[in-house]
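When you get a sec, could you build the whole thing from the sequences and use the hints?
Protein chains: 2
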Amino acid sequence: MPNPVSVQSINPKVLKCEYAVRGEIVILAQRLQEELKAKPGSLPFDEILYCNIGNPQSLGQLPITFFREVLALCDHPAILDKAEAQGLFSADSIKRAWQILDQIPGRATGAYSHSQGIKGLRDTIAAGIEARDGFPANPNDLFLTDGASPAVHMMMQLLIGSEKDGLLCPIPQYPLYSASIALHGGSLVPYYLDEETGWGLEVSELKKQLKEARSKGITVKALVVINPGNPTGQVLAEENQRAIVEFCKQEGLVLLADEVYQENVYVPEKKFHSFKKVARSMGYGDNDLCLVSFQSVSKGYHGECGKRGGYMEVTGFSPEVREQIYKLASVNLCSNISGQILASLVMSPPKVGDESYESYSAEKDGILKSLARRAKTLEDAFKSLEGITCNKAEGAMYLFPRIKLPEKAIKTAEAAKTAPDLFYCRRLLNATGVVVVPGSGFGQVPGTWHFRCTILPQEDKIPAIVSRLTAFHKSFMDEYRN
Amino acid sequence: MPNPVSVQSINPKVLKCEYAVRGEIVILAQRLQEELKAKPGSLPFDEILYCNIGNPQSLGQLPITFFREVLALCDHPAILDKAEAQGLFSADSIKRAWQILDQIPGRATGAYSHSQGIKGLRDTIAAGIEARDGFPANPNDLFLTDGASPAVHMMMQLLIGSEKDGLLCPIPQYPLYSASIALHGGSLVPYYLDEETGWGLEVSELKKQLKEARSKGITVKALVVINPGNPTGQVLAEENQRAIVEFCKQEGLVLLADEVYQENVYVPEKKFHSFKKVARSMGYGDNDLCLVSFQSVSKGYHGECGKRGGYMEVTGFSPEVREQIYKLASVNLCSNISGQILASLVMSPPKVGDESYESYSAEKDGILKSLARRAKTLEDAFKSLEGITCNKAEGAMYLFPRIKLPEKAIKTAEAAKTAPDLFYCRRLLNATGVVVVPGSGFGQVPGTWHFRCTILPQEDKIPAIVSRLTAFHKSFMDEYRN
Chain R
1 MPNPVSVQSI
11 NPKVLKCEYA
21 VRGEIVILAQ
31 RLQEELKAKP
41 GSLPFDEILY
51 CNIGNPQSLG
61 QLPITFFREV
71 LALCDHPAIL
81 DKAEAQGLFS
91 ADSIKRAWQI
101 LDQIPGRATG
111 AYSHSQGIKG
121 LRDTIAAGIE
131 ARDGFPANPN
141 DLFLTDGASP
151 AVHMMMQLLI
161 GSEKDGLLCP
171 IPQYPLYSAS
181 IALHGGSLVP
191 YYLDEETGWG
201 LEVSELKKQL
211 KEARSKGITV
221 KALVVINPGN
231 PTGQVLAEEN
241 QRAIVEFCKQ
251 EGLVLLADEV
261 YQENVYVPEK
271 KFHSFKKVAR
281 SMGYGDNDLC
291 LVSFQSVSKG
301 YHGECGKRGG
311 YMEVTGFSPE
321 VREQIYKLAS
331 VNLCSNISGQ
341 ILASLVMSPP
351 KVGDESYESY
361 SAEKDGILKS
371 LARRAKTLED
381 AFKSLEGITC
391 NKAEGAMYLF
401 PRIKLPEKAI
411 KTAEAAKTAP
421 DLFYCRRLLN
431 ATGVVVVPGS
441 GFGQVPGTWH
451 FRCTILPQED
461 KIPAIVSRLT
471 AFHKSFMDEY
481 RN
Chain W
1 MPNPVSVQSI
11 NPKVLKCEYA
21 VRGEIVILAQ
31 RLQEELKAKP
41 GSLPFDEILY
51 CNIGNPQSLG
61 QLPITFFREV
71 LALCDHPAIL
81 DKAEAQGLFS
91 ADSIKRAWQI
101 LDQIPGRATG
111 AYSHSQGIKG
121 LRDTIAAGIE
131 ARDGFPANPN
141 DLFLTDGASP
151 AVHMMMQLLI
161 GSEKDGLLCP
171 IPQYPLYSAS
181 IALHGGSLVP
191 YYLDEETGWG
201 LEVSELKKQL
211 KEARSKGITV
221 KALVVINPGN
231 PTGQVLAEEN
241 QRAIVEFCKQ
251 EGLVLLADEV
261 YQENVYVPEK
271 KFHSFKKVAR
281 SMGYGDNDLC
291 LVSFQSVSKG
301 YHGECGKRGG
311 YMEVTGFSPE
321 VREQIYKLAS
331 VNLCSNISGQ
341 ILASLVMSPP
351 KVGDESYESY
361 SAEKDGILKS
371 LARRAKTLED
381 AFKSLEGITC
391 NKAEGAMYLF
401 PRIKLPEKAI
411 KTAEAAKTAP
421 DLFYCRRLLN
431 ATGVVVVPGS
441 GFGQVPGTWH
451 FRCTILPQED
461 KIPAIVSRLT
471 AFHKSFMDEY
481 RN
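Line by line, the protein sequences give chains R and W.
In this text, residue positions in the first sequence follow UniProt numbering: the first is 1, and each later residue adds one.
In this text, residue positions in the second sequence follow UniProt numbering: the first is 1, and each later residue adds one.
Hints may contain errors.
Identical copies carry no separate label here, and so any pair may be met within one copy or between two of them.
[To be verified] Mimicking EDC-like on lysine to aspartate or glutamate, the simulated pairs with C-alpha atoms at most 16 Å apart in a straight line are:
#	residue 1	residue 2
1	16	323
2	16	320
3	271	354
4	13	163
5	208	251
No wet-lab data here; the hints were simulated from the structure.
A quick note: this is a predicted structure, and the numbers were derived from the prediction, not measured.
Next up, the structure:
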């Protein structure tokens, strides 16, 4: 009897799924890192710089003190009453920990919670959403999840029944969407962001692609919008968002709003507006639009990726469909409680007058201002290079420069059966230790080549990155210039 | 344009999925709890006793102190160096926290880790498995997950391509398996555990069901075994395990071994043996058998359900298929770091000579001995009731008594289009506040009726539960006796 498990016999949807953010380049980087450890000095660089993923604390960003104080106290509530705790923890972190414990039935931070998350924490988050938007939020609409990814999967699982079910997704897109659609066997209906207008999202393009998909017999269920954009870094204008809401309402599409970068806006002329706020300000309520907003503790100024906290706010669905979403959440019991607590903290940080307010504000502002400076420095550096154009990083954590590759480089790559942008990124990694993700992992207009580079390395590393990138790029262009 | 999201238009696999552990009875219990809160004294009981789910800390079980000390210190490493920390934390928890931090690149407990989990923690877990089994374990075979459930889903996603792909599952089974198979569109191939022999697992039954499934054109990919059993509480004999391993090898089936209750064995004549140890002791290695062992921090003596930690040990797959499993893990980035740390602690608790060893041992033994007493008291209580027979709880956290329901009760239930065991459980809940799960949620031989009841309420509550159960059952039988 042959072994039944082979690449030929497993689920073909798994084979089809791709996730470039942790794909080939990253596996190569991990190998190089091990080489560096085993034989220091054997490579032309002495450390790997992971610019492939929005993972701030892996690059030295420190956590927000108040958040970690509260998490530690909730992990070990036995110390809350002890005198020594006063010397180690701020007064408001102790107070907040008590508040949170009182919201948890039996103060049991080690128990499974309600499938949607602890009710008291959802109340806090709902209040935070209200304060942000100026419109009511219902704690029963919130589903707390282990980061935003499982929430996205849950909605894909709900909406996709076959390859005839489609979702409109931006190109370029964060590949979680293409991966999840592939895993659930649906159809990704692409709409292109317009690089010329700073990755603008045009409703005319949405209409065109929707019409084309429908003409092929695809039932388009939903529109995915990532705002601020990943990998593209743009922040949508409110007027644009209104047009998108109107389009979804007219066409009966669920609006899946990836809003995990809502705190990451770096330019004074742009401001984050949640799609729920925009829809409500247009007078659209639960009966007008199915809207899901995804939020995560992994992004923002805090960047608590390892804590796997997040939520989705689900509005506009019928009670019968809501019940099915609840069932999906229940099958995994609940998300991790530390992540749930952190999600409540992120949506309700210290306020003026709290003991921690000053240190919290200083930490937050320091990080956001530094991110803005890093974005600008890297953007300028990319722009100065031959054949590279680069969008402005208005928000999120990425730049997505476009490279006009020399014909000879493209031919060399293609001869090696490698996408030209992957070829460039692999060469960059091997020469400099800088890890970026090829544009083909996110999708791009055919014949154009990009890569995604995070703005996250600590500020003291940026000059070295810029000079290494510059030197590499020059020598690459010299090598392949026709 | 109509709203596209209705129960008719969503993924039909979601509709098909059922998860009784958080199903109708639990939703009713939550409603009653709110009623009790709003109008104390309005119901014939003053609290809801959740015996539906293996959630020990929700019922008052305290966490293991050492584990929580380490988690708190890793959440807020800034306090590790402070003098006050010495007064609040044991010396070995401080030492362990440092060790763990040193295993995390950049000591960044807030960063996404390697998709399989932090390498140093996997080393610790592998060493723990080796110490348990006496056979080597490879850290690269470990995938750390947010509890065992996501690991089970991952394997289902890998193995199931269509409804022609089947998995042999015990009946009764933990409904995560039926739910996950339904969600991934595969076929559950049932094999019946034999209630007469204490829920014995007979290889002849496996062979019969495999043959029958194959005759229907089903490609059976894997065999699920839950040991210790859920909901059935039996602990497999090593000889039985050998026969199961041999069967999987002969038939080319992946063995999916749910071993999350490995610490929960209550009878001196039984001992837990991992399937990997059994297979290795038979001389079978990676080339002989695809074997996946699931473990969780939610069960055992610690019962840290809310932390969502766990792992699967994946052996015997080809490198190409392993790569696909890695990709599936990568799409969700990583499991939560606190859960990862806790998984390492559970597999490497304090040792003789460590400052915490005594308190740790006392806490652990206290819990396990109390669980054994509770299991016995509840078992005896069930057995004393008219028409009820009950298995011995050798392990896990459950009893699965069988009720011979009076004909009149069955007819009344069926007239109300309700499964008779659901009818009984609903009546029990409304009369006593005790929440148990109907056997139909786990599967049972047609025409037999059971329910699953955890052994987890704190010991001081057990007498009241027994007397409430007894009074309810008597009056129920009196009402429906023919």
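Structure-based check of each hint:
| no. | hint | in the structure |
| --- | --- | --- |
| 1 | 16 / 323 | between (31 Å within a copy, 13 Å between copies) |
| 2 | 16 / 320 | between (32 Å within a copy, 14 Å between copies) |
| 3 | 271 / 354 | neither (26 Å within a copy, 54 Å between copies) |
| 4 | 13 / 163 | both (11 Å within a copy, 14 Å between copies) |
| 5 | 208 / 251 | within (12 Å within a copy, 53 Å between copies) |
In this structure, only the earlier hint numbered 3 is contradicted, and the remaining ones agree with it.
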